[in-house]
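2 protein chains.
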Amino acid sequence: MSIKEEVITLAKKAKEAAQIMATLSSKVKDEVLKEMARELVEEGSYLVRENEKDLERAKEMGLSKAMVDRLTLTSSRIKDIARGMEEVSALPDPVGRITSMWRRPNGLIVGRMRIPLGVIGIIYESRPNVTADAAALCLKAGNAVILRGGSEAIFSNLAMTEVLRRVARKYDLPDGALQMVSTTDRAAVYELLQLDDYIDLIIPRGGEELIRAVVRESKIPVIKHYKGVCHIFVDENADCDMAVHICMNAKVQRPGVCNAMETLLVHEKIAPLFLPKVARSLEEAGVKLKGCPLTRQIIPSAEEATEEDWYAEYLDLILAIRVVKDINEAIDHITRYGSNHTEAIITQDYRRAQEFLHRVQSSTVLVNASTRFSDGYELGLGAEIGISTTKLHAYGPMGVEELTTTKFIVYGDGQIRT
Amino acid sequence: MSIKEEVITLAKKAKEAAQIMATLSSKVKDEVLKEMARELVEEGSYLVRENEKDLERAKEMGLSKAMVDRLTLTSSRIKDIARGMEEVSALPDPVGRITSMWRRPNGLIVGRMRIPLGVIGIIYESRPNVTADAAALCLKAGNAVILRGGSEAIFSNLAMTEVLRRVARKYDLPDGALQMVSTTDRAAVYELLQLDDYIDLIIPRGGEELIRAVVRESKIPVIKHYKGVCHIFVDENADCDMAVHICMNAKVQRPGVCNAMETLLVHEKIAPLFLPKVARSLEEAGVKLKGCPLTRQIIPSAEEATEEDWYAEYLDLILAIRVVKDINEAIDHITRYGSNHTEAIITQDYRRAQEFLHRVQSSTVLVNASTRFSDGYELGLGAEIGISTTKLHAYGPMGVEELTTTKFIVYGDGQIRT
Chain W
553 MSIKEEVITL
563 AKKAKEAAQI
573 MATLSSKVKD
583 EVLKEMAREL
593 VEEGSYLVRE
603 NEKDLERAKE
613 MGLSKAMVDR
623 LTLTSSRIKD
633 IARGMEEVSA
643 LPDPVGRITS
653 MWRRPNGLIV
663 GRMRIPLGVI
673 GIIYESRPNV
683 TADAAALCLK
693 AGNAVILRGG
703 SEAIFSNLAM
713 TEVLRRVARK
723 YDLPDGALQM
733 VSTTDRAAVY
743 ELLQLDDYID
753 LIIPRGGEEL
763 IRAVVRESKI
773 PVIKHYKGVC
783 HIFVDENADC
793 DMAVHICMNA
803 KVQRPGVCNA
813 METLLVHEKI
823 APLFLPKVAR
833 SLEEAGVKLK
843 GCPLTRQIIP
853 SAEEATEEDW
863 YAEYLDLILA
873 IRVVKDINEA
883 IDHITRYGSN
893 HTEAIITQDY
903 RRAQEFLHRV
913 QSSTVLVNAS
923 TRFSDGYELG
933 LGAEIGISTT
943 KLHAYGPMGV
953 EELTTTKFIV
963 YGDGQIRT
Chain R
553 MSIKEEVITL
563 AKKAKEAAQI
573 MATLSSKVKD
583 EVLKEMAREL
593 VEEGSYLVRE
603 NEKDLERAKE
613 MGLSKAMVDR
623 LTLTSSRIKD
633 IARGMEEVSA
643 LPDPVGRITS
653 MWRRPNGLIV
663 GRMRIPLGVI
673 GIIYESRPNV
683 TADAAALCLK
693 AGNAVILRGG
703 SEAIFSNLAM
713 TEVLRRVARK
723 YDLPDGALQM
733 VSTTDRAAVY
743 ELLQLDDYID
753 LIIPRGGEEL
763 IRAVVRESKI
773 PVIKHYKGVC
783 HIFVDENADC
793 DMAVHICMNA
803 KVQRPGVCNA
813 METLLVHEKI
823 APLFLPKVAR
833 SLEEAGVKLK
843 GCPLTRQIIP
853 SAEEATEEDW
863 YAEYLDLILA
873 IRVVKDINEA
883 IDHITRYGSN
893 HTEAIITQDY
903 RRAQEFLHRV
913 QSSTVLVNAS
923 TRFSDGYELG
933 LGAEIGISTT
943 KLHAYGPMGV
953 EELTTTKFIV
963 YGDGQIRT
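As they're listed, the protein sequences go chains W and R.
Quick note on numbering: the first sequence equals residues 553 to 970 in my numbering.
Quick note on numbering: the second sequence equals residues 553 to 970 in my numbering.
Any given hint could be a false lead.
Stated by the list, open to error - Result set (DSBU-like, lysine-lysine): computed pairs, CA atoms no more than 35 Å apart in a straight line: (1) W:K829 x W:K877; (2) W:K567 x R:K564; (3) R:K959 x W:K631; (4) W:K567 x W:K617.
Simulated from the structure, these hints should not be mistaken for lab results.
Throw the hints in and build the complete structure from the sequences for me.
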């Protein structure tokens, strides 16, 4: 069988399975997920052994320490993955939920009911935990899922999929409910992305390069974000200590993630008071500062920021700082250089807070809180399948509900249209 | 300026305008729409004169009577268009609506707020009323809109856009809020569909050929339906008179539209009683019947239905009929041959009704009502911008709310992530 044929067979099976998955009871889905969690722990030593094959190859290929770390499965990490699956099983089932219902003058009762999207393809890199996390969320929402992990984690991913599929079989789930593309040939991804007759949604998870390649090649709708250039605007009436506290958290707590702050905008009236304080804390934490001319007048240690710095997603202990005249200039900056991911305002001014919330069109907008809260779990969605910075279907962190859509249901008693 | 440059200029202006449109007050938007409605009526004779230029060309080109009819503007049709705009202005404003809000254990208040999609491109054929209808819905939802009508209606569309833009200027709306591509060159459509940096959504309205061409060429997300192969399943416990009544309405009232019935599925137990009755009424109304072998045993006048008939969207007084063993066979038929548009069951059996509603995954599923209700206005959305049979973002008839998305808003008081 050619790669193309193999992928098409997989996709057809998934589409057939989706019909059955859509009407599974919540009880069965939740039991399957709990059993999958148990089996992963049970099979922990097998998973670790398979993972070691990937790790060995990674060392041979000279992968970076950070990459190797992301790739590594330990028994404690497997327990975390299992706990994640149990949490997903405990979430309310979105399928069948009536989101609203109303009566028409002619007596028709019209409602909207949540249904699964159908078949979801997940294309991801290195982290083998995505295999279980993504599968759990897709299954919970009644979808069939096709997984395509990176070649660097192929032994780990195949082993994990094998364990999960064994449980699925035990519960008589259709064979196409959960599948993994077993070949590491890049051509398989291309073939997968052409199958818009079978697959309803593609979610790529990984670096910007992977995501751009998927978007370029896909005939299937893709939900994604390229990058997170997150801003904090410290307004003139900010509580200075709170502002320092939040900025430190947003920049330093985990600089390598998409919801970390990359650019700090400071109202010119508070800059002389606030900037020296925040600079001291940031520099003590090892953050390199880059600033506009006004910033550098106040913080001489800051390097000069160039136009590229305003667009930069450093994912590192580097911060661009700009002093702005007012909220308009702050919002203009965000609109021009931002990535529609996450922005926060720090202010004690009620009207300014509301204005920022309304005018900034990014997918998550916060008042007096760290950008690091832009995350499905932290916002209360129960889990996260990814973050979208395009507005169609889902915008911002996506939970299990975003893996469903709604259909119209209509109860009549003989109505016809006149 | 080349066509490409012209279209890019238009799109850039639209994106800038979208920023301003997103924060317009409901009051201003509603006044603009009402004034637009007034001006269309006021300028009725000008619009009719320009429309006559299109009609003359249409006659020269030998367009069909149906096409010419769709193209024609009369003073009474203009009044209908104006009334439509007034109705849109009276709808509740979706922008800024909080769809839900909750409190996190750490005290963060998290909510979802509706915001406009941004820039919407509408690509349509012949009917000049789409110019005003689509513009009204896009503006109401706070979007900027780029219109691209067919060359056959170019004089009518340009005249109508001119009138609408004059009102927009009077109310200081940004110039890019409402624009029309003025060239009739097909290349302009292609160029428009490449501009995913500026345009958020494309909605094509017209025949299947137009829509397939748009989907093929577009880098921008497209919401569309190709066709409506709508089914009615008459269950064994149906009220026979109600079933005849609904089938007549669904097939005969307006056979040329996408929510008309194309295939009738009949439970074998009710077929001997129901089929002769419905056949008589349908044939009296001039409907040509095609049937499976079992159908033809009961209705000898029916032609033999072929495999292609089950896929057919006749848009005409033709109906395919199939006798099925049970609800499973009916749902299997719908899954295999259907278009995810609209399906109805006629039954007095409570459990059967619920089963059909749950298991059928089409965008509108009805019990004891005509498929003709699958329409934004009839379902209570206030108006309709189109119908989607793909599940992402919107599924089924789309109203003004589907021209928006939601962002997360977060009220904190100094929270950081630990």
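How the hints compare with the structure:
no.	hint	in the structure
1	W:K829 x W:K877	holds, 20 Å
2	W:K567 x R:K564	violated, 40 Å
3	R:K959 x W:K631	holds, 33 Å
4	W:K567 x W:K617	violated, 39 Å
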